[in-house]
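Chemist: Letter by letter, the chains look like this.
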Amino acid sequence: MSNSGILRSSLAKKYVMALSGLFLCLFLLGHLAGNLQLFNTSAEGQLAFNEYAHFMTTFPLVKLLSYLTYAAVLFHVVDGIALTMQNRKARPTGYVKEKGSANASWSSRNMGILGTIILVFLVSHMQNFWYVMHFGPIGESDGLKDLHTVVMTFFGPENGLAGLAVAGYVLAQFALGFHLIHGFQSGFQSLGLRHSKYSPLIERAGLFFGIGVPTLFASIPVYLFFIQL
Amino acid sequence: MNLTLKVWRQDGPEATGHMDTHALEGVSPDMSFLEMMDMLNDQIIRAGGEPVAFDHDCREGICGMCSMFINGEAHGPGRGVTTCQLHMRSFNDGDTIAIEPWRAQAFPVIKDLTVDRSAFDRVIQAGGYISVNTSGNTIDANAIPVPKEQADDAFSAATCIGCGACVASCKNASAMLFVSAKVSQFALLPQGQPERESRVQRMVEQMDKEGFGNCTNTGACAVECPKGIDLSNIARMNRDFMSAAVKSKK
Amino acid sequence: MLDSKIPEGPLADKWTKYKDDIQLVNPANKRSIDVIVVGTGLAGSSAAASLAEMGYNVKALCFQDSPRRAHSIAAQGGINAAKNYQNDGDSVHRLFYDTVKGGDYRSREANVHRLAEVSTNIIDQCVAQGVPFAREYGGLLDNRSFGGVLVSRTFYAKGQTGQQLLLGAYSALSRQISKGKVDMLTRHEMMDVVMVDGKCRGIIARNLVTGELERHAAHAVVLATGGYGNVFFLSTNAMGSNVSAAWKAHKKGAHMANPCFTQIHPTCIPVSGEHQSKLTLMSESLRNDGRIWVPAKKEDAEAIRKGTKTALEIAEADRDYYLERRYPAFGNLVPRDVASRAAKERCDAGFGVNKTGEAVFLDFASAFKRYGKTEASIRGLSQPSTEEIVTLGKEVVKAKYGNLFDMYKQIAADNPYETPMKIYPAVHYTMGGLWVDYNLMTSVSGLYATGESNFSDHGANRLGASALMQGLADGYFVLPYTIGDYLANDIRTGAISSNSAEFEAAEKAVQERIDHLINNNGSKPVDDFHRRLGRIMWNECGMSRNEAGLKKAIADIRALREEFWKDVRVPGNATSYNPELDKAGRVADFLEQGELMCMDALAREESCGGHFREEHQTPEGEALRDDENFAFVSAWEFAGDPSESKLIKEDLVFENIELKQRSYK
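Chains as they are written, first to last, in this note's numbering: chain A, 5 to 233; chain B, 2 to 251; chain C, 153 to 817.
Treat the hints with caution; some may be incorrect.
Quick list of in silico lysine-lysine cross-link-like pairs, DSS-like style, CA-CA up to 27 Å [stated by the list, open to error]: (1) 331/C / 210/B; (2) 235/C / 149/B; (3) 93/A / 7/B; (4) 157/C / 171/C; (5) 546/C / 201/A; (6) 703/C / 403/C; (7) 248/B / 331/C; (8) 507/C / 450/C; (9) 704/C / 403/C; (10) 550/C / 201/A; (11) 7/B / 101/A; (12) 171/C / 333/C; (13) 561/C / 461/C; (14) 525/C / 149/B; (15) 735/C / 7/B; (16) 17/A / 248/B.
Output of the computed footprint for chain C on chain B, the stretches with three or more beta carbons under 8 Å from beta carbons of chain C [claimed, not checked]: (17) 82-89; (18) 118-127.
Note that these hints are calculated values from the structure, not bench results. The beta-carbon is built from N, C-alpha and C at its ideal position, and this holds for glycine as well.
All chains should be modelled from the sequences, with the hints used to inform the complete structure.
Modeler: Have a look at this one:
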C-alpha cells in the first residue's frame, strides 16, 4: 500500500479525529483556566483578565498555538463530516426496527449531532467575543482592550437577550459534555491506547473531564448573569 | 405461545423489500428461534406460499451462517448467542417480533433474510493467513514456546465465527471487530510476526474497498458479538496499522 | 475384484517406501492439470490448498456461503497425534493399535498406520499456520485424554478445536485463492459427476443463488463432502450436511463401503420435543471429568421423570455409575459405541431420567471437589470448607469447559454447575462412506474421496478426536502425494472439454430431476419426509438392529420414497435462490442411501463397533464379532436401484495386530 493509500484509509481518518480531538481537549483546559478569572469581577480582576486577553492575542507562541487550534477544529470538523458521509453510504437501507440503546451509549451514537451543536455554538461564541476582541468595536481600560466589560455586558441586563444567551451557552456545554464523555476515551481507543489495566482509568478520566470541564464553563455565564440581576 | 412475526421479504439484491406480517400459533418455548422459523415456513409452504429464505447450518452457534436482526438487535436480545442458540423462552406469548437481514452496503441481500458476506472472505484473502506451505517438514510444534496468556488471547481473538453481527450492529456498518480479530490472532503469535505489518495494511485496505463504514468506537459490535470478541482487538489493529504505516518503505 | 493397492513390505515402512516409488508430476506440467475439490471442510480445504501450493489448478466448491462454514467447524474436543509430549508411552504404533482396536478390527492396517504416522506432521503444520492450541504455563502444548485410550494425546483449543483447525485450513486456502491458484465457488452444489471414457472428468454443479447449472471439467475430482448422518434427520450434523455428492458418485460406479457403520455419540443434549431440528453434542472431553449415572432404584428414576425428585436428592449409595461398574478399567472413558449402548440399555430398562425416559446424568460434582482441593492447596488455603472447595472447583471446570456449560445452559435452560447435565446418545459420525483404495481413489478412475466421505480409517467405530486427524491427514499429507501418481499419466491429455456429449447428457439428467421436483405440486413439505425417514432409521437402524426391524425398515423406506416422488411439494422456482429445492434433492438421495444402510446392516450378521445386531451379543450384552465370516469391508456396487445393489467383499488382512474381543473391562 502506498503512502497516499494509508492517508486515505479509514484508520488514518480515525487517527486525525483522535489527535485533533485530544488536542482540543488540551485547548479546553487552557481556555477554561483563563476564563475562570471571570469569577473575579473586581477592578483587579478586570485588569488581570484584560492583560491575559492581551497576552493571548499577541504573544507569538500563543499565536502559533491558536493557529494549531484553528487547524485542529478544521480537521476535526471536515474529517467528521467525511466520516459521517462515508458511514451513511455504508448502510444505504436502514433497519425498520433498530434498538441502538441496547448496545451503545446515547452519546456514542450521536457524536455528529453533538458536534454540530458545538460547532454552531463555536461560531456564535467566536462572533460574540473573538471577533469583537480582534476587530472591535471594543472599549479600552488601562490601555488594554476591555474584553472583560464586553463579557460582563453580554451576560448583563444591558443585553436584552442575555437570558437566552446564557441558556444557549449552558445547552452547548451539555452537548460538549456528552461529546467529551464518549470522545475522550474514544480518542485513546482510536490511537490504539487500550490496556486492560489502564483503560478503565482513562474512561473514568474521560467521565470526570466530560462532566467537570463543561460544568465549569457553563457556571461562568450563569454566575455573571445572576450577579448582575 | 402465539406470536406476530414481521419478516423482511425481498426477492433479490435489486428488488425493493418490505415487511410481511405472519401470525404463528402454538410455538413452544423450548424451540430455538430457527426452529420457530422452520415452523413458519412449514405453515407457508402448506398454504401454497414461498417460504422465507434464511441462512443457517450448524445450529449450534459455531458456523456463523445464521444472521437475523431480531427486534432491532443482531442475533436478537440474547448476549453471547447466535440466532440459532436463541430460544423462544426469551420471548413472551403475544409478542410481535421484527426480523430483518443484516443491512450493509458490503452485505447485499440475496433473498429475504439471506445476505452475501463474501466481503469477509476477500478481507481474509487479502492477508488473513500465515504464508506457510504444507509440508511434513515444518519445525516441531513445541520448538517455539508461546506464553499461555498470549496463546489464550490469540485463541480468544480466533474464536470469531465471521457471522457479521458486528457489521450489522454497528451504526456505521463497520467491519473493524471482524478484521481486527483476525489481525490480532496472528499479531499475538510468534508465527505471525514476519508478515505482521504487511498483513494489517493489506487487510485494512481490502476492508475499505469493500465499502464498510468507519469505526466510531460505539462498542455496539462487541456487545452483540456472539463470541464476545473484545474491543482491545480493534485497539491492537489501530496500533499495528499505525506502526506499519510509519515503518513501511513505500 | 477390489484392489486396495496396499503396498508390499513391513507395515511401518509401507508409506515411506510408497512415497519414494510414486510417480511425480513436474512443476510445469502441474500448471496444465485441473483438479476439482468438492467440499471445504478440513479434508477439502486442506486438499485444495495443498494441491494449489503444489501448482495444480484447483476449483473448490462448497454449498455454504463461505468455505469457513463447513461442519468440521463444529468439532469440539480435539485432534489426536502421536507426539508423546506427555511422556506417557504414546507412539505411532500405539495410536495405530488404539485406532484399529477402537474400530473393532474393521479397518485396514496399512491405512491406519499411515494415519498415525502423519498425525505428528499435522500438529507441526497447524502450529506453523497459527492455530492457537491450548498451552501450558511453560508455553508448550497441552494435551487431554479421550475415550478408548490410555494416554493423553489429544491436542485441543478449548471446546472449539474443529473451528480453529478449519480456520487454519481456510486461511491456507484463502492464500491460494488470492494467488488465483484456487477458483473458489461458494453457494455451489455438486449435482453429478461426469464420466468420459471410463474416467471421472468433471462435475455438473448448480449455482444455488441463480439456479444455473454449470459444467466443470477437470483431470480429477476429489470429494470431501462429509458424512451422511443426516439420513437420521436428527443428528449432530449441520442442517446442510448431505450424502448427495457421494451418492451421485455411487450411482456412477463408486462403491459405497460399510454404509451401516454409524457412530452414535454418547453425550448429546436429549431431544426436547417434536419441533427439534438438530441435536447438540457435548464434547467427549467432558467424560474426562464428568461421571455418568442413573438412579439404582427404579422408583427414584420414576420420581425424577415425574419431577417429584431431583438428582441432588438421590443419595450416593442409590446411584448407579454404570460405566464404572461395567468397565472398571476405562470407566467413563470407554469408547463411544460402548458408552452409547450402555446408556440405551439403562434407559430401556426403565432408569432414564427425563420426561421421555431417554436421558442419563453427566455429573461434575466430584470433579468440582477434586479440582477444588488442588486449587485450594495451590492458593495455600488451610482447612477450606466444602463450599469453598466446590466454588474453587467450579472455577477450574469453568476455565476448562466454560463454553460447553454455557451451551448446555442455553439449550436445556438448566444450570449444569448446580444440577447434573442430562445427556443421551445421538447420531454423530458415519464411519462408512465411499470405498477408496490406498491412494484414496474410489472405484471410479480419477474420482477421489477424503475425510468423512470415505470409509477408510475408522473401521466400525471412530475414536474421539480422530476425525479431525483423518480429515487433515488426507488433505494435507496423503492425497497430494497419491493423486500425483494418477495425474502423472495425464500430462499429455490437455484441457478437458466440457462440451462433450457426456457433459451434455449429465446436465440434461440433472435438469430433468430438478424440473420434476419443482413441478411436482404435491402436498407435503420436504421436511415432512425427512423427519419420517429419520424416525425409521433411528428406530430400526440406530443403536441396535435386528433382522425383522431392518426388513421392515427397507420396506418402509421404499414406500416412503415412492410417496416422496408423488407428493413432495417444492415451492418457488429453479431459477433463483431456493433452499427448499436444494433440500428436496438432498432428501431424495437420503431416501435411497437409507435403504442401502439397512441392507448393509442386514447383511452384516455380527456385531461390531457402532453396528450392534441384537442377535449377536455376548451373555453380558457386549458386541459379538464374527471374524471368521465378517472380517471384510462391504463394498456395495450400484445396479440401477438401491434394492439391487451388489455386495463385493474386500477381505481385511491383519498381519500386525491380533484380533481379540474388544474389552474395556
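Chemist: Taking the hints in turn, state whether each one holds.
Modeler: To see whether the hints hold, each was checked on the structure:
no.: 1; hint: 331/C / 210/B; result: 18 Å, holds
no.: 2; hint: 235/C / 149/B; result: 20 Å, holds
no.: 3; hint: 93/A / 7/B; result: 26 Å, holds
no.: 4; hint: 157/C / 171/C; result: 13 Å, holds
no.: 5; hint: 546/C / 201/A; result: 26 Å, holds
no.: 6; hint: 703/C / 403/C; result: 23 Å, holds
no.: 7; hint: 248/B / 331/C; result: 26 Å, holds
no.: 8; hint: 507/C / 450/C; result: 14 Å, holds
no.: 9; hint: 704/C / 403/C; result: 24 Å, holds
no.: 10; hint: 550/C / 201/A; result: 23 Å, holds
no.: 11; hint: 7/B / 101/A; result: 10 Å, holds
no.: 12; hint: 171/C / 333/C; result: 25 Å, holds
no.: 13; hint: 561/C / 461/C; result: 20 Å, holds
no.: 14; hint: 525/C / 149/B; result: 23 Å, holds
no.: 15; hint: 735/C / 7/B; result: 25 Å, holds
no.: 16; hint: 17/A / 248/B; result: 19 Å, holds
no.: 17; hint: 82-89; result: holds (count 3)
no.: 18; hint: 118-127; result: holds (count 7)
Of the numbered hints listed earlier, not one is contradicted by the structure.
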